[in-house]
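The task is simple: from the sequences and hints, build the whole structure.
With the sequence shown counted from 1, adding 354 to any position gets you this note's numbering.
To be clear, the hints were calculated from the coordinates, so they are not data collected in a lab. For glycine and all other residues, C-beta sits at the position ideal for the given N, C-alpha and C. Careful: at least some of the hints might be erroneous.
Okay, the calculated beta carbon distance ranges per label pair [claimed, not checked]: (1) Glu564 with Glu478: 19 to 25 angstroms; (2) Lys494 with Lys421: 22 to 28 angstroms; (3) Asp508 with Arg410: 36 to 42 angstroms; (4) Gln482 with Glu459: 25 to 31 angstroms; (5) Asp497 with Asp468: 18 to 24 angstroms; (6) Lys494 with Val451: 25 to 31 angstroms.
As a list, the in silico DMTMM-like pairs of lysine to aspartate or glutamate whose alpha-carbon atoms are at most 25 angstroms apart [what the hints assert, rightly or not]: (7) Lys436 with Asp508; (8) Lys484 with Asp556; (9) Lys462 with Glu502; (10) Lys494 with Asp508; (11) Lys486 with Asp556; (12) Lys529 with Glu558; (13) Lys494 with Asp556; (14) Lys583 with Glu558; (15) Lys529 with Asp539; (16) Lys529 with Glu424; (17) Lys486 with Asp506; (18) Lys484 with Asp506; (19) Lys471 with Glu459; (20) Lys494 with Glu424; (21) Lys551 with Asp508; (22) Lys363 with Glu459; (23) Lys477 with Asp506.
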Amino acid sequence: MVFYERMIKDMGILPHDRRIKLLIRHSIRPGVDGIPIVYEDKEIFIHAGFHWGITREGEALARAFGKALEYEIINIESSPLKRCVQTANMILEGRGVQREVRQNEILKAMWVKDRYKWGRIYKEYEAQHKSKGIVLLLQKMLDGQAVEGAYDIDTSIARLLNAMGLGEKSTSSSKRQMDIYVTHDGLIMLLIAYALKCRLVDLEWICMLEGVFLWEEWGRIYLAYNGQKHPIEIQIKTHLS
Numbered sequence: 355m356v357f358y359e360r361m362i363k364d365m366g367i368l369p370h371d372r373r374i375k376l377l378i379r380h381s382i383r384p385g386v387d388g389i390p391i392v393y394e395d396k397e398i399f400i401h402a403g404f405h406w407g408i409t410r411e412g413e414a415l416a417r418a419f420g421k422a423l424e425y426e427i428i429n430i431e432s433s434p435l436k437r438c439v440q441t442a443n444m445i446l447e448g449r450g451v452q453r454e455v456r457q458n459e460i461l462k463a464m465w466v467k468d469r470y471k472w473g474r475i476y477k478e479y480e481a482q483h484k485s486k487g488i489v490l491l492l493q494k495m496l497d498g499q500a501v502e503g504a505y506d507i508d509t510s511i512a513r514l515l516n517a518m519g520l521g522e523k524s525t526s527s528s529k530r531q532m533d534i535y536v537t538h539d540g541l542i543m544l545l546i547a548y549a550l551k552c553r554l555v556d557l558e559w560i561c562m563l564e565g566v567f568l569w570e571e572w573g574r575i576y577l578a579y580n581g582q583k584h585p586i587e588i589q590i591k592t593h594l595s
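Take a look at the structure:
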């Protein structure tokens, strides 16, 4: 199965007269925390750093995803990190189309206001809480608490949706058309929790090459999740940088 069961449910409720936005996590990469990889015939544990690309299996899965996607890809953008750019290119290759993959810093971490301050607080939480550090920081944002070096939660979500062209002008379409945005798990989980008004720990964490569909109709932005559509209650700020 190329698509996750939840995404198949979500596809069933997507409107046919709107251009759909897909915000998707990159494909399989090495260095999953807590899972060993084979290196020089030995099993080793490595940190899931930003420098990793996707594996050969990740490339094949992304190509299969693109081939199975029954939408015309109009635009495709990616976080600048290697694994996201590779995923975007493999989706296009699988679809059999040529498009320029535009790199967008907002898809890396839309909440970062001051890189130095955010980097410092992120390292502190990572040292204390390991892989749970980022979850705790994102939950603080969802709870309305100030996080050093980060925008508030409403501004962060507005920056992401604005980067996806949502909230500016509703895009109708007589065809099955889609814009794709390849990003990281934290951004997607933050958006889901914000839309569903729940805590991150109450959600099942998304897998690699899993994502959410969004669209705009009647002046409102919707997110599909578990076969239901959820309005995103936010005043989009179209002039955010």
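Hints and how they fare:
no.	hint	verdict
1	Glu564 with Glu478: 19 to 25 angstroms	29 angstroms, violated
2	Lys494 with Lys421: 22 to 28 angstroms	40 angstroms, violated
3	Asp508 with Arg410: 36 to 42 angstroms	41 angstroms, holds
4	Gln482 with Glu459: 25 to 31 angstroms	27 angstroms, holds
5	Asp497 with Asp468: 18 to 24 angstroms	20 angstroms, holds
6	Lys494 with Val451: 25 to 31 angstroms	41 angstroms, violated
7	Lys436 with Asp508	28 angstroms, violated
8	Lys484 with Asp556	20 angstroms, holds
9	Lys462 with Glu502	18 angstroms, holds
10	Lys494 with Asp508	13 angstroms, holds
11	Lys486 with Asp556	14 angstroms, holds
12	Lys529 with Glu558	32 angstroms, violated
13	Lys494 with Asp556	15 angstroms, holds
14	Lys583 with Glu558	17 angstroms, holds
15	Lys529 with Asp539	29 angstroms, violated
16	Lys529 with Glu424	11 angstroms, holds
17	Lys486 with Asp506	20 angstroms, holds
18	Lys484 with Asp506	23 angstroms, holds
19	Lys471 with Glu459	17 angstroms, holds
20	Lys494 with Glu424	38 angstroms, violated
21	Lys551 with Asp508	12 angstroms, holds
22	Lys363 with Glu459	30 angstroms, violated
23	Lys477 with Asp506	19 angstroms, holds
Of the numbered hints given earlier, the model fails hints 1, 2, 6, 7, 12, 15, 20, 22; all others are met.
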